[in-house]
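J.: Residue strings, one per chain:
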Amino acid sequence: MTTHTPDLSCVDLVKDFDSFRAVDHVSFEVPQGSFFSILGPSGCGKTTLLRMIAGFQSPTSGDLRIKGRSMIGVPPNKRPVSMVFQHLALFPTMNIGDNVGFGLRQRGVAKPEITRRVEDILARVGLPGVAQRRVDQLSGGQKQRVAIARCMVLEPDVLLLDEPLGALDLKLREHMKIELKALQAEFNTTFVYITHDQSEALVMSDNIAVMNHGRFEQVGPPQEVYHDPQTAFVAGFVGEANKIAATVAAVNGPNLTLRTEAGTELKATAPASGLQSGQRAQVFLRPEAIGLSMTPGDAGEDNVSQGTVTAVLFNGANSSVTVEDASGHALSVALPQTGGFADLRRGSTVYTRWHPDKARLYAAEG
Amino acid sequence: MVSDGSKLGFYLLLAPILLWLAVLIILPHIGLFVVSISERVGPREYEYGIGNYVTFFEEPLYWRTFARTAIMSIAATALTLILGFPIAYYIAKLTRGRTKTTLFLMCMIPFWVSELVRTFGWMILLRETGVISNALQYLGLVDGPVEMLYNDAAIMVGLVYTSILFMVVPLVTTLDSLDDSLIEAGYDLGGTGAAILREIVIPHAMPGIVSGCIVVFMLSLGNYLTPILLGGKDSLWFTGMIYTQFITRFNWELGSALGFLLLLLSSAVVFLGLKLSRQSLAETMGRA
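Heads up: the sequence lines are chains Z and G, in that order.
At position 321 of the first sequence (counting the first as 1) the number is 325 in the numbering used here, and the numbers step up by one without a gap.
At position 70 of the second sequence (counting the first as 1) the number is 104 in the numbering used here, and the numbers step up by one without a gap.
It is possible that some hints are incorrect.
With a straight-line cut-off of 30 Å between C-alpha atoms, the simulated DSSO-like cross-links for lysine-lysine are [said to hold, decoys possible]:
#: 1; chain 1: G; residue 1: Lys309; chain 2: Z; residue 2: Lys82
#: 2; chain 1: Z; residue 1: Lys71; chain 2: Z; residue 2: Lys82
#: 3; chain 1: G; residue 1: Lys309; chain 2: Z; residue 2: Lys115
#: 4; chain 1: Z; residue 1: Lys362; chain 2: Z; residue 2: Lys271
#: 5; chain 1: Z; residue 1: Lys181; chain 2: Z; residue 2: Lys71
Residues of chain G placed beyond 12 Å of chain Z at every Cβ, according to the derived structure [stated by the list, open to error]:
#: 6; residue: Ile64
#: 7; residue: Tyr124
#: 8; residue: Val147
#: 9; residue: Ile166
#: 10; residue: Asp177
#: 11; residue: Tyr195
#: 12; residue: Tyr221
The set of hints was computed from the structure by calculation and includes no laboratory data.
Cβ atoms here follow ideal geometry from the backbone N, Cα and C, with glycine treated the same way.
In isolation and in its complexed conformation, chain G is listed as follows:
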C-alpha cells in the first residue's frame, strides 16, 4: 500500500510537467510539422509533400537570412561570453560580501524593465537625433547628425545587452565554486595569469560557459524585437521571416517549414557546441 501510495504521489507530481511537455511543446510541434509538409494545391485542398522545404532551398533570400541569423547569433554569443566572463570573474572572485551582492543586483536591475523598453532605450541613444549623435556634434567631432541605428552593429549591441545576464549568472555560479587555493596553487607552481586562466579557471568554468552560451544562443536566435527595432527594414532576421509568412502572407505552410528549420538549426548548433567543448548536456545542466 505504501509503495502504491508513493507511486501515485510521484505520478501526480510528474503530471504537470508531462502535461506541459505534451500540450505545449510536443503537440504543437507535431502540428507544426504536419502543416509544414502540407502543400496547397487549390482552395482548401492540401497534399502532403516537401514542397515548402524545397522552396526554402530554392529561394536564396530564405537560406541566406537563415545563415546570417545563425552566424550573427553565434557572434553575439561569443561577444557576450567575452564581455560577460571578466564581469563574472570580478563578481565571483574579486569581491566579497555586500559588494558582491550589490554588483550582482546591479547586473539584474535592467532586467526588471521589459525588453521592449530597454530596446527603445538603445534607440534613444543611437538614433540620428539621439543622445550619442548630439553629443558628438556638440563636441565638434562630427559635422552633421550620425545615424547609428538600423545596421548589424546596432543589432549586435542589442543582442549582447539583452542576453548578457544569462551569461553572467551561470558563470558567477561556477566561478564561485572554484576554490581560491587552486588559483594560488597555480601561481605557486610557476603559472602565469594566462596559463592559470587556460588550465585551471576555464576548465572549471566550462559547464557554466557552455550553459550560458546555449541560453544566449537560443535567446539570440529566437529574438524578434531587437533585430526588428534596432536593425530596421534592411536587417533581416529569420524569426521576422517566419512572422511574415504567418501574419502578413497567411502562408502557414511555409512558415511552419521555416519554424521547423529554425528548431533543427538551433539543435544542430547546440549539439556541435557540446561536441566541440567535450561537455554533455546532462553534466552541463546538472552542474551550472
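Here chain Z stands alone, though its shape is the one from the complex:
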C-alpha cells in the first residue's frame, strides 16, 4: 500500500495575486479513496486552492500532481478531476439526463451507452428514472445528488466539492453530510471538500487541513485536529473554546503554572509547549472539558474556581452555561443533560474545575 502514489499531491504550491499571496507554500497529499477537507474562514485561500486543482487558475509556483502526473499547464477539460460547484451549476437548459450525460457526450461515447450509464449512475445516487425531468423540478437535495452524479459518471480520480451544502437549509444539510460520506464510501473516489463549516469537515472527513492566510495550519484526522490542535488558530477555529490570556509563572517539566491578568492561578500540563517562565501565553479550554458542580469538592484539586451563572443557553444536547468568576472572567461550560443541572438559573453559584492536561497552551502572538 505504501508504494501507491497518492491521488492528489501538492508540492510547495504558491498563488500570488496583484497585491497579496492567496496560497502560501502549501504541500499536502491525499491518498486514494479518502475524504479530505480543507477547512478555513472565508478569504483564507481555500477556494483559490481548489480552483488551482480544478485548473481554473494556475499556480505562481510549485507543482500539482494527480496520480503522479503533473497538472501544470493542463487545461481544466483535460484533467481527471471533476468539481461540484457551490451553486451546483446544473445546466438549466438541459434535462437531468442531458446534464449527467454532458461529460460523456464530450468524450464521444455512443448514445445508447450514454443513456445506460446515466441511468446507472442516477440509480446509484438514489434517483432512478429522473432523466427526463427538468432541473427546476428537483428539490435541493436531489439537485445535489444530480451534481455529484454528473461528475461521478466520468469516473474522475479526484472529486472536488466547493461548499456544496452552503445553500441548503439546516435539516437538509445535516442529512446531506451523512449522505455525502456514504456516497464517497460507495464510489471509493477521492473527495476534496472545502468548507468554512467545521461541523461538516469533522463529520465527513478522513483528514482535515485547517487553512488560514493561505497556509495550512494543521493537517490530520478530525479527532487529532479537534483534541490536539497545533496552533492557537486551529484551537480557536475548530470547535468551541474558552480563550484565557495568562503569563507563565513557573515551569516544572511538563507542568506549568500560569497566572491570569486578574491573578488567578492556573495549572496546566503541556509537554511540548516550549513556553518559558515569564512568557505570555494563551490557554484554550473546550467547554466540555470543564466540569461543573454545586459543591467545592476536595481541597487541593487544581483549577477549581467559584463562579456565578450569567447565562443559560439551552440548545438540547449542545446546551451550555456561561460562568463568571470573581475576577469577572467568563467561561463557557457545556451543560450535561443528565438532569443534575436542570434547575440551574442565572445567578446560581457553581464551581468549575478542569484537569491540567485538558488545556492547550500557545505562546501569545506579538
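Keeping the supplied structure of chain Z fixed, place chain G upon it in accordance with the hints.
T.: Showing chain G alone in chain Z's frame:
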C-alpha cells in the same frame, strides 16, 4: 367600491396603449387593406377586387424585388448576429465594472447621430473620391479611383451598421445572466470551447438571439434610407417600390397592396424563425 375603483384605474392606464393600437396601428391597416383591394375602373370610380395583388405576381420586377429584399434582410440579420455575438460576449462575460460600461456606451454613441448622417458617413468612406479609394490609390494598391458605393455589398454594410446595436443590447442582457460557473462546469466536465458555446452558451442566449434577430430583420426589411443612399438606382428595395407607388405614381391601390404584402412577409419570416428556433414570442420577449 374598492374593486370598482381599481378597475377604473386599470382601464385608464390601459387606455393610452389601446388608443395607440386602435388609432395608429389597426385603423390604418384596415384602411390600407380596403385601399389595396380597390381597383380603379374610371376617374373616381372604384370596384373591389384582387387586381392589385394579381399585378404584383404578374410583374416579375415586383416579386423579384420582394424576394431580393427578403433574402438580403435575412442575410443582413445573419451577418449582424455573427458580428454582434462576439462583441456581446466580450462585453458581457470578459469585462467587468467600468470597462463594461464604457464598451457598452461606445456601442451606443454612434446611435446618438441620426441615421441619415451615419449613412452619409459611409458614403464619404466608400465613394469614388472617398477616403478608402484615396487611401488605396495613395498606397499604390490600385491605379485609378475605385467605386465602392451603389452595390449590394454597400447596402449590406449599411444595414449591418445601422442595426448592430439592436442585436448587441439583447445579447448582452441575456449573456450577462449566464452564470460563469456554468461555463466553468462545462470546461470541468471535459467540454471544448466549441461544445460549450453550442451546448451551454447559445441555448441560454437563444431568447436574446431570437429577439435581436426579429428586431434587426424588421429594421432591415423596413429600411428605406440605407438601400436608397448606399445602393443607388440599381439596387431596388421593396420599401422604395412602395414609396414610388404612393408618391411618384399616385397609385395608392397598388402601393397599399405592396405594403400589405410586406407585412405578411415579415410576419411569415418571424413565424418561421420562431418555429425553427423552437422559441415562443411570449417567452422571447418576456426574457430578453
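J.: Can we trust that G/Tyr195 is non-interface, i.e. its beta-carbon lies farther than 12 Å from all of chain Z?
T.: holds (32 Å)
J.: Is it correct that the beta-carbon of G/Tyr221 has no partner in chain Z closer than or equal to 12 Å?
T.: violated (4 Å)
J.: Since G/Asp177 was said not to touch the interface, does its Cβ keep a gap of more than 12 Å from each Cβ of chain Z?
T.: holds (50 Å)
J.: Below or equal to 30 Å on CA atoms is what counts here, so check Z/Lys181 against Z/Lys71.
T.: holds (27 Å)
J.: For the pair we were handed, Z/Lys362 and Z/Lys271, check the Cα-Cα distance against 30 Å.
T.: Between Z/Lys362 and Z/Lys271 the Cα gap is close to 10 Å, so the pair holds against 30 Å.
J.: Taking only the CA atoms, is the gap from Z/Lys71 to Z/Lys82 under or equal to 30 Å?
T.: holds (14 Å)
J.: Holds or violated: is the Cβ of G/Ile64 farther than 12 Å from all Cβ atoms of chain Z?
T.: holds (42 Å)
J.: Take the C-alpha atoms of G/Lys309 and Z/Lys82, compute the straight-line distance between them, and say whether it is at most 30 Å.
T.: Given pair G/Lys309, Z/Lys82 is violated - Cα atoms ~37 Å apart, limit 30 Å.
J.: Does G/Tyr124 sit more than 12 Å from chain Z, CB to CB?
T.: Fine: 19 Å to the nearest Cβ keeps G/Tyr124 off the interface.
J.: Should the label of G/Val147 as a non-interface residue stand, given a Cβ cut-off of 12 Å to chain Z?
T.: holds (38 Å)
J.: When you check the alpha-carbon spacing of G/Lys309 and Z/Lys115, does it fall within 30 Å?
T.: holds (26 Å)
J.: Just double-check G/Ile166 for me: nearest Cβ-Cβ distance to chain Z has to come out over 12 Å.
T.: Label holds. Min Cβ-Cβ 41 Å, cutoff 12 Å.
Of the numbered hints listed earlier, those contradicted by the structure are 1, 12.
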